[in-house]
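Visitor: Could you build the full structure based on these sequences and the hints that come with them?
Chains A and B, in that order, are what the protein sequence lines are.
Just so you know, UniProt numbering puts 215 at position 215 of the first sequence, and the rest follows in order with no gaps.
Just so you know, UniProt numbering puts 432 at position 432 of the second sequence, and the rest follows in order with no gaps.
Some hints here could point you the wrong way.
No farther apart than 25 Å at their CA atoms in a straight line, the calculated lysine-lysine pairs in the DSS-like style are these [said to hold, decoys possible]: (1) K69(A) with K441(B); (2) K441(B) with K185(A); (3) K85(A) with K157(A); (4) K160(B) with K85(A); (5) K157(A) with K69(A); (6) K69(A) with K85(A); (7) K160(B) with K157(A).
With the Cβ distance kept under 8 Å, some of the chain A side facing chain B (calculated, not the full set) [stated by the list, open to error]: (8) F98; (9) C119; (10) T182.
Honestly, the hints are just simulated from the structure, not real lab data.
All values derive from a computational prediction rather than experimental measurement.
C-beta atoms are modelled at their ideal positions from N, C-alpha and C, and glycine is treated no differently.
Listed here are the chains, written in short residue letters.
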Amino acid sequence: MTAVDETIRTDRPDDGPVLEATGVTMRFGGLTAVNNVGMTVRPGEILGLIGPNGAGKTTFFNCLTGMYKPTEGRVRLLGNDLPPKPRAVVMAGMARTFQNIRLFGNMTALENVMVGRYCRTSSMALTSILRGPKFRREERETRARAQELLEFVGLGKSSEHLARNMPYGDQRRLEIARALATEPKLLLLDEPTAGMNPRETQQASDLIFRIRDSGLAVVVIEHDMRFIFNLCDRVLCLVNGQVLVEGTPGEVQSDPRVIEAYIGGAADDEEGDA
Amino acid sequence: MSTSTDIETTYADDAEKVSLWDRIGRPVAPFAWPMVLAGAVILAAGCFLSWSYTDEVLGDLSIDFYPGAVQNLMIIAAVLAVIFALMYRGPFSRLGEWLASATALRVLGLGTTVFMALVIALIGVQAGGLVNVMPGAWISFVGAVLILLGAAGLTPRASKDPLHAHLPSWLEILTIVALLAIVLFGAAYVLDIEDGTVFSLVVLFTGLVAFTLTRAGFFTWVGIIAQTHRRVLMLGAVAVAFLFPFTQDGSDANMSIATQVLIFASTALGLNIVVGLAGLLDLGYIAFLGAGAYVGAMFSHSAFATIGWKPNFLLVVIFGALVSATLGLIIGSPTLRVSGDYLAIVTLAFGEIFRLAMGNLDGQDGPRLTNGPNGIPAIPDLEIGSFNFGETHEVFGITLGRFANYYFLLLVVAAIIITVFTRLNNSRIGRGWIAIREDEKAAEAMGVNTFGLKLFAFAGGAFLAGMAGTIKAHHDVSVTPDQYIFLESAFLLAAVVLGGMGTVAGVLIGATILKLMPEKLRFVADYRLLIFGLLLVLMMRFRPEGLVASKRRQLEFHEEDEELADRVEEVHLVEEQEAKA
Ligand SMILES: Nc1ncnc2c1ncn2[C@@H]1O[C@H](COP(=O)(O)OP(=O)(O)OP(=O)(O)O)[C@@H](O)[C@H]1O
Ligand SMILES: [Mg+2]
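Guide: Next up, the structure:
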C-alpha cells in the first residue's frame with residue numbers, strides 16, 4: 001500500500017513540497033540548539049535561512065541531511081520519509097555545502113566533482129579491475145559530466161588544480177559543483193558567500209539563480225542581508241533554535257522582531273566582549 | 001593557515017641558503033665556470049692514480065691507471081659535472097635553458113667533496129692512518145672542492161618548465177629505455193659488490209646522483225614523459241624485471257634477496273591500498289600475509305602439514321587469499337566504525353592475537369592446525385604441472401636456480417597486485433577511498449558508501465597479502481609464528497611511508513631499500529630499528545610525501561600553470577584513446 005502510494009508521489013513531485021520538515025528538535029545535553037522547527041520548501045523556490053550567530057541554522061542543516069540524528073521531528077523529501085543517514089539523504093535527492101569548506105584537499109577540482117557522481121554510478125571492484133566496456137563508458141560519462149558542472153559554476157579552466165590550492169571563492173563554487181554532481185532536487189547552501197568580495201558575491205547570486213532555473217529548489221543560509229533579500233522568494237528567521245518569522249523578504253525585512261533579534265544579538269556580543 | 005606558514009619558512013630557508021652560497025661564490029664569480037671544468041678534469045685525473053697504499057681497502061684502489069669501483073664513481077661524477085658545466089655555458093646551453101645546471105653543480109660539488117672526504121677518512125681508518133692515502137685521492141679531493149667553489153660562483157637561473165619541452169617521441173622513448181637499462185645493469189652491478197663499505201659508498205653515490213638530477217629538474221621531465229609513454233615504461237619495466245635473473249648466472253644469493261624483496265613489496269602494495277588510498281592505519285597487516293602462509297603450509301605436501309587434503313596449488317592460493325580476506329572482514333566490520341587512532345590500536349592487537357593464536361593451535365590448547373611454536377617445517381618446493389620449483393634450469397646457457405623460479409612466479413603475483421592497485425586507484429572506488437582519506441564526513445555527505453569502501457579496502461588488501469603468503473610458505477620452506485611479529489608490520493608501513501603513500505613506484509623503491517639494505521650490510525641489519533627510525537624522521541622533515549610523490553601531489557607545484565591543464569588533458573585524452581583501442 002504505502003509503496004504504491006510513494007511511487008505515485010515521487011512520480012509527480014511538482015504536486016507537493018520538495019521538503020517538508022516538521023517539529024525538528026536537536027538537543028545537546030541541556031542545550032536545545034534547534035527547537036521544534038518546521039520548514040517547507042516548494043519546487044523551484046529559493047528559501048533564505050537567516051538568524052544571528054549560534055541560532056542553530058547549521059545544526060538544522062545537519063539534522064536535515066542526517067549528519068545529526070534529530071532528537072525529535074520528521075523530514076520528508078518529495079513525499080518520502082528520510083532516515084537520518086547522510087548517504088540515504090543524498091541518494092534521495094538532497095545535497096549540501098559546508099559553512100567551513102570541506103573539500104577533498106589533495107584531489108583535483110575535477111576529481112572532487114567526480115566523487116559527487118559516486119552515488120549515481122555503479123561500477124564495482126571487479127568491473128573496475130577488468131575495465132569492461134560498461135566501466136569505460138561510465139568513467140567517460142562521469143568525467144564529462146564533472147567537467148560540465150565545473151564549467152557551469154565557472155571553474156572549467158581549473159579542473160586539474162588541487163582543491164586545497166584554489167582561491168577561497170573558487171573553493172566555495174567547487175563545493176557547489178560537487179553537490180550538484182549528486183543530482184539533487186534540493187540544494188542546501190551554508191553561507192555560500194562567506195569570505196567573498198562583492199564581485200564574487202554577485203557571481204554567486206547569479207549562479208544560485210541559474211541553479212534554480214535548472215529546476216532545483218535551494219535553501220541558503222547567509223548573514224549578508226542584501227544578498228538574501230535580493231535572492232530569495234521566502235525567508236525564514238531562526239533565533240535561539242526557534243522560528244521567529246517566516247515570510248517574503250519584504251515582510252521579514254520590516255519585521256521589528258527580526259531587527260530586535262539582530263540588534264539584541266549584537267548587544268549580547270558586545271556584553272560578551274566587555 | 002599552516003600552508004601559508006610552510007611557504008614562508010621555505011622562502012626564508014631559500015633566502016638563507018642563497019646568501020650563504022653567494023657569500024662563498026662572490027670572490028670566485030669571474031672565473032667560476034673554468035674553475036668547475038678544471039675541477040672536473042682534476043677530479044677525474046686523480047681517479048686514474050692510486051688512492052691507497054694497500055690493495056685491501058675499499059676493493060682495490062692501489063693501482064695507477066686502473067680505477068677501482070669507488071674511483072669509477074668519481075669519474076662518473078666528473079663527467080656529470082662537465083656536462084652540467086657545458087649546459088651552463090657552451091655547446092649544451094640550449095639544454096641548460098631547461099635544466100637548472102648551476103643548482104645541480106652546487107649539489108654535485110658539495111656531494112663529491114663530502115664523498116671524497118669520506119673516502120679519504122675511510123682509507124685512513126681502514127689502512128691505519130692517513131699516510132696510507134696516496135696523492136691520487138688528494139688530487140681528486142682538490143678537484144671536488146674546485147667544483148664546489150666554482151659552482152658557488154655560478155648564478156642559478158630559472159629554467160623553463162619541462163612541461164613545455166616537446167621533444168620528438170623517439171627521443172623520449174629512448175630516454176626511458178636508457179634509464180631502464182641503467183636500472184637493470186646498475187642493480188646487477190650493485191648486487192655483485194661483496195665489500196660492505198664499497199656497497200654503502202655506491203648506494204650513497206647513487207643517492208647523490210639522483211638528488212643532483214632531481215634538483216636539476218631532470219626527474220620532473222622524466223615523470224612527464226613516463227606519463228605520456230606509460231605503455232613503453234610498463235613494457236620496459238616488465239622486461240627489466242624479467243631479465244634480471246639472467247644477469248645473475250645461477251647465483252642464488254642475490255636471487256634469494258630478490259624474491260624476498262618481491263614478497264615484501266607485494267605485501268606492502270596491498271597495505272598501500274589500506275593506508276595510502278583509504279587512509280586507514282593498519283599496524284597488524286603482517287597477520288594477513290601470515291594467514292596466507294599458514295594456509296599454504298597446511299595444504300602443502302609437508303609431512304607436518306595438518307590437513308590431509310592436497311588440492312591444486314592455484315586453489316590453495318585462492319583459499320589463502322579468501323581466508324585472509326575473511327579475517328580482514330571479521331576484524332574490520334566491528335572496528336571500522338571507530339576512527340583512526342582506535343583502528344591503529346585494534347589492528348596492532350589483532351596482529352599480536354594472530355601470532356599468539358598460531359603459537360597455540362597445537363592440539364593442546366585448540367585444534368591441531370599450526371603445530372604451535374614449532375610451526376610447519378619441511379614444506380616441499382612448489383610443483384605446478386610438471387614444473388618443479390626446486391630444480392635448476394638452463395635457458396640460453398644461463399642457469400636459473402630455485403630462487404629464480406620463485407622469482408618469476410612472484411613477478412606474476414606482483415604484476416597482478418600492481419594491476420589491481422592502479423586500476424582500482426583510477427576508478428570510482430579509488431576516488432571514494434581517497435575522499436574518505438581526505439575527509440570522511442564530507443565523503444559520506446556526498447553519498448560515498450564509507451563503511452562499505454573501508455571494509456572493502458581492508459578485505460581487499462588482506463586478500464592480496466594472503467595470495468602472496470601462500471607462495472611465501474613454499475619459498476621459506478617453513479612457517480612459524482615468530483616470522484609474523486609486529487616489527488614486520490612496522491617495516492611494511494615504513495616501506496609505504498618512505499616510498500610514497502598511494503604510489504606504486506614509491507612503494508616498490510621503499511620495499512627494495514628496506515629489504516636490500518639489511519641483507520647486504522651487516523651494520524644496517526644490526527641497527528635496523530635505529531637506522532630506519534632515523535630515516536623516517538628525516539623523511540617526515542624533508543620530504544613528507546615520500547621518495548616518489550603521487551601524481552596528485554606533483555600537481556601542486558604547477559598550480560599557476562594554465563598550460564598544465566592542457567597537457568594533463570592531453571594525457572587524459574591519450575589514456576582514453578588507449579582505453580578505446
Ligand atoms: N555537536 C555539537 N555539540 C554541542 N553543541 C553544539 C553542537 N553543534 C552545535 N552546537 C551548538 O548549537 C548552537 C547552534 O549552533 P549552529 O552552528 O547551528 O549555529 P549557526 O546558526 O549555524 O551559527 P553561525 O551563523 O555562527 O554559523 C550553538 O550554541 C552551538 O554551540
Ligand atoms: Mg552556521
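Visitor: Next step is simple, just say for each hint if it's right about the structure.
Guide: Right, here's what the structure says about each hint:
1. K69(A) with K441(B): Roughly 14 Å separates the two Cα atoms, so the pair holds.
2. K441(B) with K185(A): Holds: K441(B) and K185(A) sit about 21 Å apart, inside 25 Å.
3. K85(A) with K157(A): Violated, at about 34 Å.
4. K160(B) with K85(A): violated, 51 Å
5. K157(A) with K69(A): Given pair K157(A), K69(A) is violated - Cα atoms ~39 Å apart, limit 25 Å.
6. K69(A) with K85(A): Measuring from Cα to Cα gives roughly 8 Å; hence the hint holds.
7. K160(B) with K157(A): holds, 22 Å
8. F98: holds, 7 Å
9. C119: Holds. Min distance 3 Å.
10. T182: Given a least distance of 5 Å, the restraint on T182(A) holds.
Violation of the numbered hints given earlier is confined to hints 3, 4, 5; the remaining hints are satisfied by the structure.
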